[in-house]
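Top to bottom, those sequences are chains A and B. For reference, each letter of the first sequence is one residue, going 139 to 296 in our numbering. For reference, each letter of the second sequence is one residue, going 4 to 93 in our numbering.
Where hints are given, some of them may not hold.
Claimed, not checked - Chain B is faced by these chain A residues, among others (derived, beta-carbon under 8 Å):
1. 199
2. 202
3. 207
4. 208
5. 216
6. 239
7. 240
8. 255
9. 262
Worth flagging that the hints you see were computed from the coordinates, not collected in a lab. Using N, Cα and C, we set each Cβ at its ideal position, and we do this for glycine too.
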Amino acid sequence: MPEAAETSNALDAALSESSISVAASAPDWRGAVTLAGDALVAGGVTTAAYTAEMIAAIDELGPYVVIAPGLALAHSRPSPAVLRAGLSWISLTEPVPFGHPSNDPVSLVIGLAAPDHDGHLEVMSALAGVLSDDAALARLKAASSPADLKTLLSQLSA
Amino acid sequence: MKIVAVCGMGIGTSVLLKMNTEKVLRSLGVDADVEAADIGVARGMARDAQIVLTSEEFVPEIGEIDAEVIVINNFFDLDEITEKLKIALD
């Protein structure tokens with residue numbers, strides 16, 4: 139189906155292997171968001187300034203980025219630190235608390251960067267489709283390598 | 004009917020919430036216009052809205068408005084969104 143293929147391509151293009159870290163460890167939420175930021179930088183999506191912006195956003199607005207049990211969508215607003223729309227993926231062996239009243243602790247941090255308000259909607263739609271499926275999410279969290287995760291993502295979003 | 008999904012930056016969580024809300028509305032057969040907003044413009048955008056969807060953190064900042072404010076805990080849980088929207092729509 140053409141629609142499914144496009145969705146799969148959108149995720150594939152947004153998340154490169156260099157932006158994925160599985161079985162990572164972080165001492166706290168700042169450390170976890172820093173890993174997500176470093177992974178965006180490694181994939182050529184953002185400059186290091188964006189990492190600081192993501193942390194500042196949580197300091198300012200609170201842990202609202204923890205949008206589902208165990209899952210944080212770390213991001214800031216469009217800025218010069220964003221080079222292109224993209225994602226990073228950090229799955230943590232030991233979950234860390236973000237201070238969220240109902241969704242703590244977090245075992246998966248997805249970093250998101252977008253250069254404007256519209257250019258990443260296809261990626262978000264693909265992500266929403268995969269992440270609203272509990273069984274799919276459990277398989278993704280258990281991925282053993284970045285390549286394994288990419289393969290799973292393309293299977294699940296196809 | 005107008006529904007506004009509110010988050011901090013307007014690019015991430017509110018966009019996901021908008022997409023999942025549209026899915027729920029389709030399955031309920033309800034015709035509504037869903038817009039994503041960041042907290043800075045939320046009050047203005049909510050002026051002519053009937054429902055505002057957001058996370059708990061932003062409720063105090065949104066303050067007193069005419070629209071019904073609904074807190075969503077799990078943005079990927081279509082059942083939670085369905086249940087809470089149904090109550091608001093009744």
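Checklist entry - Holds or violated: is the Cβ of residue 202 of chain A closer than 8 Å to a Cβ in chain B? => result Given a least distance of 4 Å, the restraint on residue 202 of chain A holds.
Checklist entry - Against chain B, is residue 208 of chain A within 8 Å by beta-carbon distance? => result violated (10 Å)
Next on the checklist: So, as I understand it, the hint says residue 207 of chain A touches chain B; can you test that by seeing if any CB pair is closer than 8 Å?
Outcome noted: Since chain B brings a Cβ to about 6 Å from residue 207 of chain A, closer than 8 Å, the hint holds.
Checklist entry - Would the hint on residue 216 of chain A stand, with a C-beta cut-off of 8 Å toward chain B? => result holds (7 Å)
Item to check | Closest C-beta approach of residue 199 of chain A to chain B relative to 8 Å, hint status | outcome: At 4 Å from the nearest chain B Cβ, residue 199 of chain A passes the 8 Å test, so the hint holds.
Item to check | Restraint check, 8 Å cut-off on beta carbons, for residue 240 of chain A near chain B | outcome: Because about 5 Å separates residue 240 of chain A from the closest Cβ in chain B, which is inside the 8 Å limit, the hint holds.
Checklist entry - Can the hint on residue 255 of chain A be confirmed by a CB-to-CB distance to chain B that is less than 8 Å? => result With a minimum Cβ separation of about 6 Å from chain B (threshold 8 Å), the hint on residue 255 of chain A holds.
Checklist entry - Quick one, is the residue 262 of chain A hint okay against chain B at 8 Å, beta carbons? => result holds (5 Å)
Item to check | Status of the residue 239 of chain A interface restraint (C-beta, 8 Å, chain B) | outcome: It holds, given that the least Cβ distance between residue 239 of chain A and chain B is near 6 Å, below 8 Å.
Hint compliance for this structure: hint 4 is the single one not met.
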